[in-house]
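> Sequence:
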Amino acid sequence: MSRLGDRAVIFGARGAIGGALVDALRRRGVGEVHALSRQPVAAAPGIYPAQVDLLDEASLSFHAARLGADGVLDTIIVATGLLHAPDMLPEKALRDLRADALAMSFAVNCIGPSLVMKHFLGLLPRDRASRFAALSARIGSISDNQKGGWYGYRAAKAGLNMMLRNAAIETARRAPHAVIMGLHPGTVDSALSRPFQKLVPPGQLRKPEDAAEQLLDVMEAATPAQSGKLFAYDGTEILP
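Numbering (numbering that gives the first Met the number 0), first residue to last: 0 to 239.
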């Protein structure tokens with residue numbers, strides 16, 4: 000069995016990082032990878048796609064019951080996120096704030112992953128190692144913020160980091176071997192980063208496949224003492 004167990008779930012499996020994580024988990028020997036996304040991905044040996052909306056609790060509840068009926072889950076990863084949309088860009092100043100854009104950022108970047116925790120953390124085993132991770136961002140660190148701007152995205156990711164910390168404390172009472180963590184993947188070549196890639200220094204734009212492998216390395220190495228914390232793809236801890 001893989002060090003990440005035999006049953007894994009990826010939310011956001013249609014995205015660049017999510018899809019790369021699905022493939023990487025299979026390469027590492029995880030026998031059953033459930034690839035969940037708003038638009039289903041293609042099925043393949045060991046990969047089981049399903050359609051889910053993170054903001055639809057009925058959908059999350061249904062899939063949690065469906066997957067839980069077959070046993071516990073060893074690894075759960077939420078690889079979703081929203082930085083921009085057709086009528087939404089990161090705010091450069093307070094004058095750019097809009098209630099609807101802020102609400103959308105919090106919905107996708109904080110509320111959705113939190114609802115996944117509500118419905119799926121109970122499926123982690125009580126008696127052995129397991130892992131739950133959500134893609135967060137260094138930009139969500141309050142202590143690391145030296146430039147300002149990007150109000151909604153920063154605040155939503157900071158909120159997600161707090162939700163992960165809370166969930167880690169609660170989950171430890173039921174599943175003491177579990178690790179609940181946030182992961183910063185770096186700047187990855189994806190739809191999320193595409194409008195801003197010209198700002199990335201040469202050589203620092205990362206391939207989804209490389210990011211996925213490094214993120215799984217960090218997850219494999221994590222211990223319960225690190226639960227509730229945020230880590231970069233190279234294993235370094237990012238302070239709140």
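No lab work stands behind these hints, which were simulated from the structure alone. Just so you know, not all the hints are guaranteed correct.
Stated by the list, open to error - Once the Cα atoms are required to be at most 25 Å apart in a straight line, the calculated DSS-like pairs of lysine-lysine come out as: (1) K146 / K91; (2) K197 / K117; (3) K91 / K197; (4) K228 / K117; (5) K146 / K228.
Please read these numbers as outputs of a predicted model, since none were measured by experiment.
> Look at each hint and say if it fits the structure.
Status of the hints after comparison with the structure:
With a CA separation close to 10 Å, the supplied pair K146 and K91 stays within the 25 Å bound. Restraint check for K197 and K117: not satisfied, since their Cα atoms lie roughly 38 Å apart, outside the 25 Å limit. Of the supplied pair hints, the one linking K91 and K197 holds, its CA atoms being roughly 17 Å apart against a limit of 25 Å. A threshold of 25 Å between alpha carbons decides the hint, and for K228 with K117 the separation of about 18 Å falls inside it, so the pair holds.
Annotation: proposed proximity of K146 to K228 holds, straight-line Cα distance about 23 Å (limit 25 Å).
Violation of the numbered hints given earlier is confined to hint 2; every other hint is satisfied by the structure.
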